[in-house]
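Engineer: Please build the complete structure, drawing on both the sequences and the hints.
First residue of the sequence shown? That's 1 in the numbering used here, and the numbers climb one at a time after it.
Please note that the accuracy of each hint is not assured.
[What the hints assert, rightly or not] Simulated restraints on C-beta separations:
#1 H63 / V22: 48 to 56 Å
#2 L39 / P62: 53 to 61 Å
#3 D16 / A44: 40 to 48 Å
#4 E45 / H10: 47 to 55 Å
Everything labelled a hint here was simulated from the structure, so no lab data went into it. Note that the structure is a prediction, hence the values are computed from the model and not measured. Note that the Cβ used here is the ideal one computed from N, Cα and C, for glycine as well.
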Amino acid sequence: MSKTEETLAHLIRTVDELSDVVAAQQREIDVLTRRVAMLMQREAEREADGSGGVVLGDERPPHY
Numbered sequence: 001m002s003k004t005e006e007t008l009a010h011l012i013r014t015v016d017e018l019s020d021v022v023a024a025q026q027r028e029i030d031v032l033t034r035r036v037a038m039l040m041q042r043e044a045e046r047e048a049d050g051s052g053g054v055v056l057g058d059e060r061p062p063h064y
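Structural biologist: Printed below as a string of C-alpha cells:
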C-alpha cells in the first residue's frame, strides 16, 4: 500500500469517527433542547398560575 493510500485510509477512518461523534452530540442536543423547552413551559405555567413560590427581596420572612 502506498503512502498516499495509507493516508487516505486514515483520513476516511477519522472522518467516519468524527461523523459518529457529531451524530451522538446532535442526539444529546436534541434531548437537552426538549428538556429546556419543557422546563420553560412549566415555569411559564407556574408564573401564570401565580404559584411561582419565589420570595422577593422586599418581602418579610414568615418569622417576623
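Engineer: If you check each hint against the structure, which ones fail?
Structural biologist: Of the numbered hints, just 2 does not hold.
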